[in-house]
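Student: Residue numbers (the working numbering), protein chains in the order written: chain A, 62 to 383; chain B, 177 to 499.
Hint data in this document are derived by calculation from the structure and do not stem from the laboratory. These figures come from a predicted structure and were not determined experimentally. Don't take every hint at face value.
Computed cross-link-like contacts, DSS-like style, restricted to lysine-lysine with a CA-CA straight-line distance of at most 25 angstroms [said to hold, decoys possible]: (1) A/K171 <-> A/K189; (2) A/K182 <-> B/K397; (3) A/K171 <-> A/K182; (4) A/K134 <-> A/K182; (5) A/K353 <-> B/K298; (6) B/K397 <-> A/K189; (7) B/K298 <-> B/K397.
Just some of the chain A residues that point at chain B, by a computed CB distance under 10 angstroms [to be verified]: (8) L183; (9) S184; (10) A210; (11) A228.
Every residue, glycine too, gets a C-beta built ideally from N, C-alpha and C.
Spelled out from the first residue to the last, the chains are:
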Amino acid sequence: MALLEVSQLCVEFPTRRGTLRALDNISFGIEPGEILGVVGESGAGKSLTGSAIIGLLEPPGRVASGQIIFDGKRIDNLDQEAMRAIRGRHIGAIFQDPLTTLDPLMSVGKQLIETMQTHLKLSDRDAKARAIQWLEEVGIPAASERVFAYPHQFSGGMRQRVVIALALCAEPRLVIADEPTTALDVSIQAQIITLMRRLAADHGTSIMLVTHDMGVIAETCDRVAVMYAGRIVEIGPVENVVRSPQHPYTEGLMGSIPSLEARVARLRQIDGAMPRLNAIPQGCAFNPRCTKVMDRCREERPDLLPAGTTEAACFLVQGGAR
Amino acid sequence: MFAFILARLLQAIPVLLVVAFISFAMFQFVGDPLVALLGQNFTAEEADRMRHTLGLDQPFLVQYVHFLGRVLQGDFGISYRLARPVGELLAERLPATVELSLTAAVLALLVGVPLGVLTGIKRNAVISRAMMVFSLIGVSLPTFLIGILLILFFAVQLGVLPSYGRGDIVHFSHWTTGFLTSSGRQAVILPAITLGMFQMTLILRLVRSEMLEVMRSDFIKFARARGLTSRAINFNHALSNTLVPVFTIVGLQLGMLIAFSIVTETVFQWPGMGLLLVQSIGNADIPVMSAYLLLIAVVFVTINLVVDLLYFAVDPRLRGGGK
Ligand SMILES: Nc1ncnc2c1ncn2[C@@H]1O[C@H](COP(=O)(O)OP(=O)(O)OP(=O)(O)O)[C@@H](O)[C@H]1O
Ligand code: SF4
Ligand SMILES: [Mg+2]
């Protein structure tokens, strides 16, 4: 059974000029221990998907329909307190910028202890010992001396390691990592990804990894979901999506990657821009930019269906018609 | 740390010199000290002799340096009006003003910070909205009007609190306090509310907007993602980060309280330095005015320094310790 099962999730923002649908019928699952990559242009809805799962959509944003099932239980309709108890304990999160993610006025050890004691029954002494263990595990040198150091006393890369320790310290089974390396030096990015992969393997943690780095996706993930204008346009095992993309948009993204080994820092530019939420075209949202557009694409909306070795939302490839 | 304090003190010197220059210049350009000391009728010889004894025949800059020398020794001259050393007069009045300002500041903090936090956390609740309207009134009503309204209600209508004076006071060598007698404590209530009202509403609004700002920050979002309780988020993370910037303003406001106690002291006939200043202005008592100006400058400089030191205590980023 999948650890996380998102089905037909819609997220909306009521505004004065009508309701904006920011996530439109998103469905995907994450298996225990699996790393799912999520890619897509800026504004595609990647972060919003993460926020919806951990129940931290910024009002007025709200889940309008659909379900989120975690470990067999529905979590999208829980009350605030029940959802709070799940955050950190069962589903952790890692954010983009480690320089702003930590409370500057509280020592890293205290932040770790506070997180663990919120979720686990631990004496002060045990919590401190575990805090030091976690700092060691994420590779902070001289952890026992630096446990009560403040965030500003660590470099950016070290702070992201602390953030990872904070996300994992209550042993959640799923971690949502939203562009965890984007704000870091290129030289450090690989270290952080390697660390996350190792920890996930050691602890059996599943990861939903949002990133712009196709190289990271290719090296790290088991499966990958491609998002466009609030929809998933393609999802499948990473080799298949990278080697033989079915959706024209994915093809565009992958176009510049010659092989799995080659690394491309950013997504390739596709002509045109993703539509704004209030101007998503009828039919296939990608149709104005698609080189293979057909009449049908402007009228009907393609569903996400098996296509070749992946699932894609495109009329061209559906039913194995390729 | 020591270097920092030293640097701050050095920075303060030019400021104080400029203020000293202004207070010195008051003697030169406002009124004629000879008239003040000799009366209206005096001969040219008398005037020359007086000018010589006062050093008024010397070049302007030399006089300024002499003035600085006297000030540094605590000699602020003799009050024209009361014929007593100005230093003595101010020292007598200082405790009343300090006690009033401190009471007002504590009141403003004790009421302003919690209300600011409350309206920040529950920003849409009816009580929060009501508080914001009320605070707008507090910011915009002139101090003297608040004072008069309070007197009208509590002293005249209800007759429960005194409307003027400082009540009975107790002497401790150079200090006098009204805190130890019940009439003293009662007397300070209305003036302290009057003086603190503006600061209180200011602190309320400041804490609220800082709180809203901090609540939007990434580390609060991450604290939520870690599953911390709202209580822990509000008090262990949001409030402490809110108070860092609030400190500066509140510190400076304390200086303002002392400086602007003039109006309140006048309304309540509170025997502090502000009242002394108002009486001195009415009588063109330049030495008192000039010394008051200097004193306020020193108060501001000192408070600035204390606020900076408080930052050290509160914010680990300033305490140093590299990567
Ligand atoms: N409070 C809001 N009100 C209205 N629209 C919003 C709000 N928050 C997000 N959106 C919209 O939701 C869409 C998805 O945003 P999201 O942050 O998930 O994008 P993203 O894929 O994470 O992009 P990036 O790569 O830039 O992080 C965007 O079009 C954004 O404009
Ligand atoms: S459905 Fe049509 S417009 Fe959309 S991607 Fe496929 S071919 Fe292009
Ligand atoms: Mg994002």
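Student: Decide, hint by hint, whether the structure agrees.
Tutor: So, going through the hints one by one against the coordinates:
1. A/K171 <-> A/K189: holds, 8 angstroms
2. A/K182 <-> B/K397: Roughly 24 angstroms between the alpha carbons, so the hint for A/K182 and B/K397 holds.
3. A/K171 <-> A/K182: Given that 25 angstroms is the threshold and the Cα spacing comes to 16 angstroms, the pair holds.
4. A/K134 <-> A/K182: Holds - the C-alpha atoms of A/K182 and A/K134 are around 24 angstroms apart, at most 25 angstroms.
5. A/K353 <-> B/K298: Given pair A/K353, B/K298 is violated - Cα atoms ~53 angstroms apart, limit 25 angstroms.
6. B/K397 <-> A/K189: OK: B/K397 and A/K189 at ~24 angstroms, within 25 angstroms.
7. B/K298 <-> B/K397: Given that 25 angstroms is the threshold and the Cα spacing comes to 17 angstroms, the pair holds.
8. L183: violated, 15 angstroms
9. S184: violated, 18 angstroms
10. A210: holds, 7 angstroms
11. A228: Holds - the Cβ of A/A228 comes within 10 angstroms of chain B, reaching about 8 angstroms at its closest.
Hints 5, 8, 9 from the earlier list are contradicted by this structure; the remaining hints agree with it.
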